[in-house]
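Colleague: Listed here are the chains, written in short residue letters.
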Amino acid sequence: MEEAADPSGAMSEESRREVRAGLEPSLARLWRYALVLSRARDVADDLVQATCLRAIERADQFVPGTRVDRWLLAILRSIWLNEIRSRRVREGGGFVDAEDVLTTDGAREIEMNMTASAVLRAIGQLPEAQRETVLLVYGEGYSYAEAASALAIPIGTVMSRLAAARAALAKLK
Amino acid sequence: MADDDDLVALIDNELDESSRNALLARLAADEGLRRRYDELRAGGAAIGEGLDALLEQAPLERLRATIPADEPVRPSSRFAGRGLWQLAAGIAIGLLAAGAVAWFATSFGLLREQEDWRSAVAEYADLYTNETFSPLHPDASLQAIELSALGAKVGANLTPENIALPGLRFTVAFMLAYEGSPLGVIAYVDPSGAPVLLCIYANRAADAPLRSERQDDLSLAWWSSGGRSHLVIGRIPEDRAVALAQTIEKRI
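Protein chains in written order, with our numbering: chain A, 1 to 173; chain B, 1001 to 1252.
Quick caveat, the hints were computed from the structure, so don't treat them as lab data.
Just so you know, even glycine gets a beta-carbon here, dropped at the ideal spot from N, CA and C.
One or more hints might be untrue.
Quick list of simulated restraints, FRET-style, between CB atoms [to be verified]: (1) Gly141/A - Arg1041/B: 35 to 41 Å; (2) Glu24/A - Asp1116/B: 21 to 27 Å; (3) Pro154/A - Arg1041/B: 49 to 55 Å; (4) Glu13/A - Gly1226/B: 26 to 32 Å; (5) Glu146/A - Arg1041/B: 37 to 43 Å; (6) Glu1179/B - Pro64/A: 21 to 27 Å; (7) Gly1226/B - Glu14/A: 28 to 34 Å; (8) Arg1026/B - Ile155/A: 16 to 22 Å; (9) Gln61/A - Glu1056/B: 53 to 59 Å; (10) Gly1226/B - Ala21/A: 37 to 43 Å; (11) Pro1166/B - Ile155/A: 16 to 22 Å; (12) Leu172/A - Asp1116/B: 53 to 59 Å; (13) Glu24/A - Glu1213/B: 32 to 38 Å; (14) Lys171/A - Glu1249/B: 22 to 28 Å.
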């Protein structure tokens, strides 16, 4: 059997189409991941914008038929780790101890289940590695193995991060 | 704590069968371990709900407006190959927009009522001729940038594809303001050069269905949705203005 002539052109076109189609439905989840990582709403907005731009620039690298939402989350994480967080640390700015960023605005909080609000606040106080693992497994539905792969850590580390997070949240009760 | 790790993995249904059975047997025999299991289970109970609540807070309109309209244009190539006529077109667009802002600033002061914005646009549109936009042929990347910037101002995701209208050529997009709210104008020309405008006014209006009217020789078709009012206006038959408006209404 001969291979189809120049399949890469069609593949690139398909990649670009899937990436573009996947951006808008993923915006809220990208923003949530960005907020959980950065704990700063302005940084979260910028991070999502940079992710969209990078995704379109690199759409050819997306493998059609795989999960575009997870590909976008991985791009966002990479930009956070390699560009934004490292720059802030280098500039000595760091991040404010924003314990109340992962919460709701006042009006919404009244309408919202107070338990969820308290949990969010508690998640905001966890170390970044735990926050991120909690988000991927309990927010995004990653299996332990998928989270380990996405974060490039052993499954045992995923387990201990989740256990530590749950233990911290259990103290709220 | 090793036990905590296993208990949480049990809660999350992530243990293999033999580990699961072994832990269940220990739980049956160890009250302290059962208590810890209950604590950890309760500790995670509202995590999903809390994280879902964050999704609802995402500033979607703002984020949507930041999605690049098309393939990003690299600065090195952005102006490459742009001829003098394109530069002239750019200057013309700038002058046009500046003139429009000045005109709006003076004329709109006289029209206090929010609902008068259509009449104000109609007066403005009446000044355009077949020669106003038809000489302009900005390159596609410039158009995409203009649309994206305009979309960001009025809170809509605008691309050359979703604002394309049958039988009309999109020329330029520019920003105005009315009563302190952003008013975006997307200008098209028909094959004869006659201008047709799509105006998007971020006035936080309540949703309203499509309606149309004639004002002198101009046809207007307008509707409100998503906190924006939209207007298609031009020297075209009224039913054509309605058809164009319906096309856009479905897309943005």
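Colleague: Each hint should be assessed against the structure and marked as holding or not.
Modeller: Right, here's what the structure says about each hint:
no.: 1; hint: Gly141/A - Arg1041/B: 35 to 41 Å; result: 18 Å, violated
no.: 2; hint: Glu24/A - Asp1116/B: 21 to 27 Å; result: 34 Å, violated
no.: 3; hint: Pro154/A - Arg1041/B: 49 to 55 Å; result: 24 Å, violated
no.: 4; hint: Glu13/A - Gly1226/B: 26 to 32 Å; result: 31 Å, holds
no.: 5; hint: Glu146/A - Arg1041/B: 37 to 43 Å; result: 22 Å, violated
no.: 6; hint: Glu1179/B - Pro64/A: 21 to 27 Å; result: 47 Å, violated
no.: 7; hint: Gly1226/B - Glu14/A: 28 to 34 Å; result: 31 Å, holds
no.: 8; hint: Arg1026/B - Ile155/A: 16 to 22 Å; result: 21 Å, holds
no.: 9; hint: Gln61/A - Glu1056/B: 53 to 59 Å; result: 32 Å, violated
no.: 10; hint: Gly1226/B - Ala21/A: 37 to 43 Å; result: 21 Å, violated
no.: 11; hint: Pro1166/B - Ile155/A: 16 to 22 Å; result: 56 Å, violated
no.: 12; hint: Leu172/A - Asp1116/B: 53 to 59 Å; result: 55 Å, holds
no.: 13; hint: Glu24/A - Glu1213/B: 32 to 38 Å; result: 34 Å, holds
no.: 14; hint: Lys171/A - Glu1249/B: 22 to 28 Å; result: 53 Å, violated
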